[in-house]
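Each chain, letter by letter, is given below.
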Amino acid sequence: MSAQTLYDKLWNSHVVRQDEDGTALIYIDRQLVHEVTSPQAFEGLRLAHRRPWRIASMLAVPDHNVPTTNRSAGIADPVSRIQVETLDANCAEFGVTEFKMNDIRQGIVHVIGPEQGATLPGMTVVCGDSHTSTHGAFAALAHGIGTSEVEHVMATQCLVAKKSKSMEVRVEGILGHGVTAKDIALAVIGKIGTAGGTGYAIEFAGSAIRALSMEGRMTLCNMAIEAGARAGMIAVDDTTLDYLKGRPFAPQGDLWDKAVVQWRNLHSDQGAAFDAGVLLDAAEIRPQVTWGTSPEMVVAVDGCVPDPATLSADKREGAERALIYMGLSANTPITDIKIDKVFIGSCTNARIEDMRAAAAVIKGGKVTVKQAMVVPGSGLVKRQAEQEGLDRIFTDAGFEWREPGCSMCLAMNDDKLAAGERCASTSNRNFEGRQGQGGRTHLVSPEMAAAAAIAGHFVDVSKL
Amino acid sequence: MKKFTLLNGLVAPLDRANVDTDAIIPKQFLKSIKRSGFGPNAFDEWRYLDHGEPGMDNSNRPVNPDFVLNKPRYQGAQILLARENFGCGSSREHAPWALEDYGFRAIIAPSFADIFFNNCFKNGLLPIRLDAGKVEILFREVEANAGYKLAIDLEQQTIGAPDGTVYPFEVDAFRKHCLLNGLDDIGLTLQHVDEIAAFEARHHAAQPWL
Ligand code: SF4
Chain A
57 MSAQTLYDKL WNSHVVRQDE DGTALIYIDR QLVHEVTSPQ AFEGLRLAHR
107 RPWRIASMLA VPDHNVPTTN RSAGIADPVS RIQVETLDAN CAEFGVTEFK
157 MNDIRQGIVH VIGPEQGATL PGMTVVCGDS HTSTHGAFAA LAHGIGTSEV
207 EHVMATQCLV AKKSKSMEVR VEGILGHGVT AKDIALAVIG KIGTAGGTGY
257 AIEFAGSAIR ALSMEGRMTL CNMAIEAGAR AGMIAVDDTT LDYLKGRPFA
307 PQGDLWDKAV VQWRNLHSDQ GAAFDAGVLL DAAEIRPQVT WGTSPEMVVA
357 VDGCVPDPAT LSADKREGAE RALIYMGLSA NTPITDIKID KVFIGSCTNA
407 RIEDMRAAAA VIKGGKVTVK QAMVVPGSGL VKRQAEQEGL DRIFTDAGFE
457 WREPGCSMCL AMNDDKLAAG ERCASTSNRN FEGRQGQGGR THLVSPEMAA
507 AAAIAGHFVD VSKL
Chain B
1352 MKKFTLLNGL VAPLDRANVD TDAIIPKQFL KSIKRSGFGP NAFDEWRYLD
1402 HGEPGMDNSN RPVNPDFVLN KPRYQGAQIL LARENFGCGS SREHAPWALE
1452 DYGFRAIIAP SFADIFFNNC FKNGLLPIRL DAGKVEILFR EVEANAGYKL
1502 AIDLEQQTIG APDGTVYPFE VDAFRKHCLL NGLDDIGLTL QHVDEIAAFE
1552 ARHHAAQPWL
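These protein sequence lines map, in sequence, to chains A and B. Under my numbering, the first residue of the first sequence is numbered 57, with each subsequent residue one higher. Under my numbering, the first residue of the second sequence is numbered 1352, with each subsequent residue one higher.
There's no promise every hint is true.
[Said to hold, decoys possible] Here are a few chain A residues that face chain B, going by a calculated C-beta distance under 10 Å:
1) Asn68
2) Val72
3) Arg286
4) Pro307
5) Gln493
Everything labelled a hint here was simulated from the structure, so no lab data went into it. Ideal Cβ positions, reconstructed from N, Cα and C, are used throughout, including at glycine.
Put together the whole structure using the sequences plus the hints.
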């Protein structure tokens, strides 16, 4: 058999049937469910008198709407409350395992899947959420899907799909001090654009990727969707296995050993051909900051806001509009940009390593911005951070230490920016209004966000 | 699902690249647990001058006269002409629900974000990829001619312009079949129950930890 890419292997091992035109039924091993994109799917099942095909493949959690302040008294906003209660009722009715709002295991769906070992190498993973690409860090084929597809997977355990093209993003060399997986992600998007990965499944490879922790790999795969790709993935190695061993949903004992033998094969074979390739030199990547309203509008922290007049014709108008929205003028040095709020959280950067990295930058400094929030990705991340004393470092400096959830990543709960407010955020989207109507988002790494909270403006963390 | 066969519809031009699903239907409307009723809030932040929340009476809200869909000449539009990477961002199917509920049946753009593109087909909405040069011509024509309509024939895979130009387009055979016949994917997939069950048995025997 000819050399296969990781994507080929994952795809081929899940094809139930394939038509001549390439339309295939792909078997799904794991479906993650949250409150926003599932109610209409459960309703569809009920109306058609269908049951989920394989209940054990499902794991549900409320995350988008939950408050991140004390929630022992429930959710005050009636509309959010109905959505979370609907999830609870649907899970109870159909027998789906759910980590409810006040369960210590609750958290952002893309944080808890891996944390529980519910995401395993070789799996197909879907969720009604575009950042499902996160799970590809475990050499899984992970797709975000729409609500009709959520219902389809519930009813049939399959997804109708066509194979994408494959792209290898290779990052070689050693990252500099203060440069993180988030900066790799933003640098890749800056290079290929937000539509650069459209139609592709991306495999991240190279020595800089192998050197990343699982947390870093998840950050990178999380943002594959912002490059337009349907999926991002990374081969299995010891880092993957060390992370998974002993997690609640991971196999134990003999089964673990058996699984590891198969998982070790989950990498692209020597000489496997990709449809496209991108190469980056890790040493050249600087801490990144977005200046506009799309993740591709990004520069290095020691750079300046670009002048639209110097951009190509097709980018100029978008850049002009973005600068007006962002309240920025051309050629402003990034480190001169003053910040109102800081948000450290989201499925991109709310894992334990992100908490540690942000805390390490604080070094006894005090928050000088209006508000700085840390929202851990799950109850377990929060507990671990507290055991390590990180919460004290944050609160002593003036950060708010919150309950887990999506929070100000998309501002569906009470955590939002007011119009005109400028935020350094560790999330993944800087679209207009994403963090609140009129709010201005700059995407950065946890280190960069923490440093900005202390200084009141962006700082080059590679020089700290 | 509604069938899609022939459509002779008024065209509205939305001249922006990277229109994301949050612009199509802002997040506060995602709290609904229903599938319908999103039309009045399609493009809410661009369309109205105040801040929209679920449950508001939209007929009393101040509209933004500068937003293209509010112009009298585009009322009743069924075809949306758009730019690159339309529908990027969140996977919310509420975006095609909102566009469909607003009255659109087809979207023409040089490129679409992947998940959005998929979601359209599940909701009787036809997304058509046309190369950027042709889209540019259509933008010029729509803006120059009030009442500009295009005739989309899905069976023939063509777009007919008033000046007689015919633009052929590509569409996946399976999706075309589903749209032409208004077929629901789940029903179709369940015709293969035995194959799925057999696959599942083999798959789990080989990987008993799943
Ligand atoms: S943290 Fe943000 S990006 Fe991640 S699932 Fe929640 S809303 Fe989506």
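Against the structure, the hints:
Because the beta carbon of Asn68/A sits about 12 Å from the nearest beta carbon in chain B, more than 10 Å, this interface hint is broken. A distance limit of 10 Å between C-beta atoms decides the matter here; for Val72/A the minimum to chain B is near 4 Å, and the interface restraint holds. Restraint check, Arg286/A versus chain B: the minimum CB separation of about 5 Å is within 10 Å; hint holds. For Pro307/A, the suggested interface contact is upheld, since its CB lies about 4 Å from the closest CB of chain B, less than 10 Å.
Checking Gln493/A against chain B by beta carbon gives a least distance of about 6 Å; that is within 10 Å, so the hint holds.
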